[in-house]
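Engineer: Starting from the structure of chain H, add chains V and S where the hints point.
Protein chains in written order, with our numbering: chain H, 1 to 228; chain V, 229 to 845; chain S, 846 to 1006.
Don't read these hints as lab results, they were simulated from the structure. We treat Cβ as the ideally placed atom computed from N, Cα and C, and that holds for glycine. Any given hint might turn out to be false.
[Stated by the list, open to error] In the EDC-like style, the derived pairs of lysine to aspartate or glutamate whose C-alpha atoms are separated by at most 20 Å in a straight line are:
{"no.": "1", "chain 1": "V", "residue 1": "LYS479", "chain 2": "V", "residue 2": "GLU500"}
{"no.": "2", "chain 1": "S", "residue 1": "LYS906", "chain 2": "H", "residue 2": "ASP157"}
{"no.": "3", "chain 1": "V", "residue 1": "LYS479", "chain 2": "S", "residue 2": "GLU867"}
{"no.": "4", "chain 1": "H", "residue 1": "LYS86", "chain 2": "V", "residue 2": "ASP741"}
{"no.": "5", "chain 1": "V", "residue 1": "LYS545", "chain 2": "S", "residue 2": "GLU881"}
{"no.": "6", "chain 1": "H", "residue 1": "LYS18", "chain 2": "H", "residue 2": "GLU73"}
{"no.": "7", "chain 1": "H", "residue 1": "LYS86", "chain 2": "V", "residue 2": "ASP731"}
{"no.": "8", "chain 1": "S", "residue 1": "LYS989", "chain 2": "V", "residue 2": "ASP714"}
{"no.": "9", "chain 1": "S", "residue 1": "LYS989", "chain 2": "V", "residue 2": "ASP741"}
{"no.": "10", "chain 1": "H", "residue 1": "LYS152", "chain 2": "V", "residue 2": "ASP714"}
{"no.": "11", "chain 1": "V", "residue 1": "LYS552", "chain 2": "H", "residue 2": "GLU73"}
{"no.": "12", "chain 1": "V", "residue 1": "LYS810", "chain 2": "V", "residue 2": "GLU771"}
{"no.": "13", "chain 1": "V", "residue 1": "LYS545", "chain 2": "S", "residue 2": "GLU897"}
{"no.": "14", "chain 1": "H", "residue 1": "LYS86", "chain 2": "V", "residue 2": "ASP734"}
{"no.": "15", "chain 1": "S", "residue 1": "LYS885", "chain 2": "H", "residue 2": "ASP165"}
{"no.": "16", "chain 1": "V", "residue 1": "LYS253", "chain 2": "V", "residue 2": "GLU380"}
[Claimed, not checked] The following label-pair restraints were derived from C-beta to C-beta distances:
{"no.": "17", "chain 1": "S", "residue 1": "LYS989", "chain 2": "H", "residue 2": "SER61", "range": "57 to 63 Å"}
{"no.": "18", "chain 1": "S", "residue 1": "GLY985", "chain 2": "V", "residue 2": "GLY284", "range": "44 to 50 Å"}
{"no.": "19", "chain 1": "V", "residue 1": "THR813", "chain 2": "H", "residue 2": "THR180", "range": "57 to 63 Å"}
{"no.": "20", "chain 1": "H", "residue 1": "GLN175", "chain 2": "S", "residue 2": "LYS986", "range": "54 to 60 Å"}
{"no.": "21", "chain 1": "V", "residue 1": "THR813", "chain 2": "S", "residue 2": "LYS986", "range": "21 to 27 Å"}
{"no.": "22", "chain 1": "H", "residue 1": "SER212", "chain 2": "S", "residue 2": "PRO912", "range": "57 to 63 Å"}
{"no.": "23", "chain 1": "V", "residue 1": "ASP722", "chain 2": "H", "residue 2": "PHE160", "range": "36 to 42 Å"}
{"no.": "24", "chain 1": "V", "residue 1": "SER835", "chain 2": "S", "residue 2": "GLN996", "range": "19 to 25 Å"}
{"no.": "25", "chain 1": "H", "residue 1": "SER212", "chain 2": "V", "residue 2": "ARG727", "range": "41 to 47 Å"}
{"no.": "26", "chain 1": "H", "residue 1": "ASN153", "chain 2": "V", "residue 2": "GLU725", "range": "50 to 56 Å"}
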Amino acid sequence: MLQYVNVNIDGAIIHTTKGNSILNTAVEYGICIPHLCHVPYLSDIGACRLCVVEHVVNGRSNITTSCTLNAEEGMAVMTNTDRIRKLRRNLAELLVAQAPNSRAIQDIAVRCGVKEVRYPFRNEDCVLCGRCVRACTELWKARAIGFVGRGKNRRVDYPFGVRPDFCKQCGACVQLCPMTITPCNGPMKPGEERLCGNCESQLMISENTPGSCTWCKLGESFACGRYA
Amino acid sequence: MSRLNSFRELEHLREQLRNQRKNIKTSVMVCGGTGCRASRSQAVIEAVRNEISQQGLEPTVRLCVTGCHGFCEQGPVMIIEPGNIFYCHISPEDAFEIIFHTLKKGQIIDRLLYTDPVSGKSYRTESEIPFYRAQDRQILSQNLNVDPCSIEDYIVAGGYSALAKVLSGITPEEIISEIKTSGLRGRGGGGFPTGRKWSECKEAPGDEKYVICNADEGDPGAYMDRCVLEGNPHLVLEGMMIGAWAVGARKGYVYVRNEYPLAVKHSRIAVEQARDLGLLGDNILGSSFSFNVDIARGGGAFVCGESTALMASVEGKVGEPRPKDVHTVVDGLFHKPTTLNNVETWANVPSIMLNGSSWFASKGTPKSKGTKILALTGRIKNTGLVEVAMGTPIRTVVFDIGGGAADGKAVKAVQTGGPSGGCLPVDMFDLAVDFDVLAEAGSMIGSGGMVVMDESSCMVDVAKYFLEFLQDESCGKCVPCRLGIDRMLEIVTDITEGRGRPDQLDLLEELADTVSQTALCGLGKTAPNPVLSTLRYFRAEYEAHIKEKKCPAGVCRSLITYFIDPDKCTGCGTCLRECANKAITGVKKEPHVIDAALCIKCGICRSECKFDAIRVA
Amino acid sequence: MTPKTLDQIMEGRRSQPNQLIEALQDVQENYGYISEEAMKAVSLGLGVPLMEVYRVASFYKAFRLRPAGKNVLTMCMGTACHVRSSRLLLDHATGQLGVKPGEVTTDGLFSIQQVNCLGACALGPIVTENGSYHHHMTPGKLRKLIETLRQKAEDRQNVPT
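Here chain H stands alone, though its shape is the one from the complex:
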């Protein structure tokens, strides 16, 4: 039997099922919390940390990821305070400095308010969001790819680096990967990376109404829960 609870997100009292994540609750309601590694039909791991919110308990704020925070009766959460915006901006800056060659990452950077990138750009082709791994493990249960190694050497790979015969070639991994969406002006060559500001994404509009969903192309292109 489904239980329902009321939670307070940014002052709005929202009615949702008990155990639903705060991220899902907010997105369903129309409050946009930027996220990268969350996919509606896959498990949440709290890896990208972009969806951080302030969870207010006994007058104190705990910073935690909204995708792993499950709704309880009377929970109070703030998603758009100055503190949160600054943290998100810094996280998005790290991401775009690491992998600027993706429209999705560039859009996220703009959405999170990144105006300048203070680190030297690198041109990595994977941000280790884990969407591909979780799709392979949970959707198709093929377990043909996974995370190997640790820390700086962590990467996604097949067992022994060779595509196994139990890979079903379903393409789910490719479909969910944010890196497959190249910037509008074309791929950036090494040495030419920059913070792009020219995307057609409707995210720019959200500057005037921060926090509310604008049915952006970013979300459409990589399975934001609002479109589910």
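Structural biologist: Showing chains V and S alone in chain H's frame:
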């Protein structure tokens, strides 16, 4: 020895074993811990054993191979009771003399006594030695009484009486209340009130619960847990048993770091021996308490010291931490309520149950009770394991116990708490060893590692060292830790290699702040501490690297040059021969010269030069 | 002591996924490294997906995925050893042997392994090989140690059978 089925049988066995030893007049305790083994204590032990037998002293002399005594640099170490005679730097050849003169005739062998490097004085007994005198060795002293592979030793010394006391009439609620009143806080680094943790676990729904002993001890420079687990595994087991009874667990795990083979071996032996005697298994000592313990080995990952990563590792998975929105006391190992505590925390439990919470709370400060074992290492004269009452000033530890700086250089800072902790400058040494005091100052007690640094340590290099360590050990799952530490390291490396810019310090602080707030687990959250604390107290060193492109301590290779002092150089040619890059030229008996363009600053010449003629600018 | 076979290692562990790390550790101890064949056997025996076995084997430093040299020089990089210049020792070792940590020399005799703390901090810098601990190491002592080990290996090869 047959299985013990009641408290009375345990006491009976204890009496029996003590009776068997009543003819023992002298005990010879030789350290067989990892540190002394590296100094070849095994050979010493064999030699001593032979001599005792050959000189016919077997019936009245007991040779006990103990765990670590804590004074590792003086090893191999031996203590003779009665008399508390302390011999150090023993070699196998000394065995004959020790047995013949000291044991048989009661004569002291002066050359084997400890000489204090500060005063030059020799000391006869352990209790007089300055290193030991200022300590309060509640737990470490117990290492002297037992051979870790002998449950008989542990029982003779009074072991398992706390368990018997608890099982014969103290309820779980009363145990938890006692631990709460004692003020015991986690000794692994978190400092969480142990009583509260046990209480929350006991209240958690479910009747399958676990207790875990965290012996991962990943902090480099810390080896307290190794010492306790290697030297007195039964003490830790007894603590775990009491805890298990209190929270309602029937299964426990001891998670031991892979790099501690002796600790793994001794824990396994201890568990087997306890099982054989019926101290582990069903209906322990005839009570309704059933409990079993397994030893799990680590795989070489610092991150597995974090509780959720450790539990994942016991479950056979990768040691990736998971978000702790629901605490592990409710949802832990195999998703069951789990109480995870550090080795030293468990080791404190039996004595609290025997002596009472007020005894424990009589030591320490209002919020930090009891004693703490510290691994005192680095650039001081006396390095080793020390145990002090909470509230002891750092100054006492570094100077009274540690003997002050080695090599005549001035002590500059102390790094406490491992990679999660920070560096405190010497003018803050009046601060007490206390959980909250150190945390407020920007460091922490952590697991107890205390590395002393002198003017030859570059604080920017120290920050770089810890960032490199954490980058290597990070599991890599979350963005702030994986990318944040990487970028912090990039900036600090730029600074140490002369590419630093003034605006980078502000960026470093902002990034550090973001990482500490958004990281998924404790490793990431505390990763910025070494950087933040060195920036707070040693900003001048950072600025010297950035503005003047100089390394004041003479460490950062891109910013220093090696040169030979012509007044000290005798032209012996040693450095010329040793230089791997052929950067030194010179004629015999004439001062030699280093070609800065070829010099890679590896330091070999400096360490080989007997005249201290090689300098760094 | 004859090394255990894969079957012996899997004994008592069949269909117990949480024994994965213990099983891999036994494989590492007995074979010196974890081969593809071993991983497949462990995967089948424990009922753990091959991807997961590979993931665990590549995550933990204790597991080597390639054979090591005959002499593995384990060098402690802990804090106490670091302030006593263990970094210098490592650079010296990599220079003298011509390999980076984790690689094997071309004659198969040596590999270098970095470890984050051996727990003998008062005696640093520490280098261990084949179960022996060497303390208070200097670049000079290390060079001699490597030469001694090399000599021993050559002596063993030269002994007539």
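Engineer: Return holds or violated for the Cβ distance of ASP722 of chain V and PHE160 of chain H against the range 36 to 42 Å.
Structural biologist: holds (37 Å)
Engineer: Does the structure keep LYS989 of chain S and ASP714 of chain V at a Cα separation of 20 Å or less?
Structural biologist: Not OK: LYS989 of chain S and ASP714 of chain V at ~37 Å, beyond 20 Å, violated.
Engineer: Kindly confirm whether 57 to 63 Å is satisfied by the beta carbon distance between SER212 of chain H and PRO912 of chain S.
Structural biologist: Since the Cβ atoms of SER212 of chain H and PRO912 of chain S sit about 59 Å apart, the hinted range of 57 to 63 Å holds.
Engineer: Run the distance test for LYS86 of chain H versus ASP734 of chain V: straight-line Cα separation, threshold 20 Å.
Structural biologist: Cα-Cα ~15 Å, so holds.
Engineer: Decide if the proposed pair is consistent with the structure: LYS545 of chain V and GLU897 of chain S, CA atoms, cutoff 20 Å inclusive.
Structural biologist: Roughly 8 Å between the alpha carbons, so the hint for LYS545 of chain V and GLU897 of chain S holds.
Engineer: Next pair to validate is LYS810 of chain V with GLU771 of chain V; report whether the Cα-Cα distance is within 20 Å.
Structural biologist: Status violated; Cα separation ~34 Å.
Engineer: So if I understand the rule, the pair passes when the alpha-carbon distance is 20 Å or less; does LYS479 of chain V with GLU500 of chain V pass?
Structural biologist: holds (15 Å)
Engineer: Can you confirm whether the C-alpha distance between LYS989 of chain S and ASP741 of chain V stays at or below 20 Å?
Structural biologist: With a Cα-Cα distance of about 47 Å, the restraint between LYS989 of chain S and ASP741 of chain V is violated, given a limit of 20 Å.
Engineer: Would you check the hint for LYS18 of chain H and GLU73 of chain H, treating anything up to 20 Å between C-alpha atoms as holding?
Structural biologist: holds (8 Å)
Engineer: Can the restraint linking LYS86 of chain H and ASP731 of chain V be considered satisfied, given a maximum Cα separation of 20 Å?
Structural biologist: Satisfied, since the Cα-Cα distance of roughly 18 Å is no more than 20 Å.
Engineer: Are the Cα atoms of LYS479 of chain V and GLU867 of chain S separated by 20 Å or less?
Structural biologist: Given pair LYS479 of chain V, GLU867 of chain S holds - Cα atoms ~18 Å apart, limit 20 Å.
Engineer: For GLY985 of chain S and GLY284 of chain V, compare the CB-CB distance with the range 44 to 50 Å and indicate the outcome.
Structural biologist: holds (46 Å)
In the structure shown, a violation is registered for the earlier hints numbered 8, 9, 12 and 26, in ascending order.
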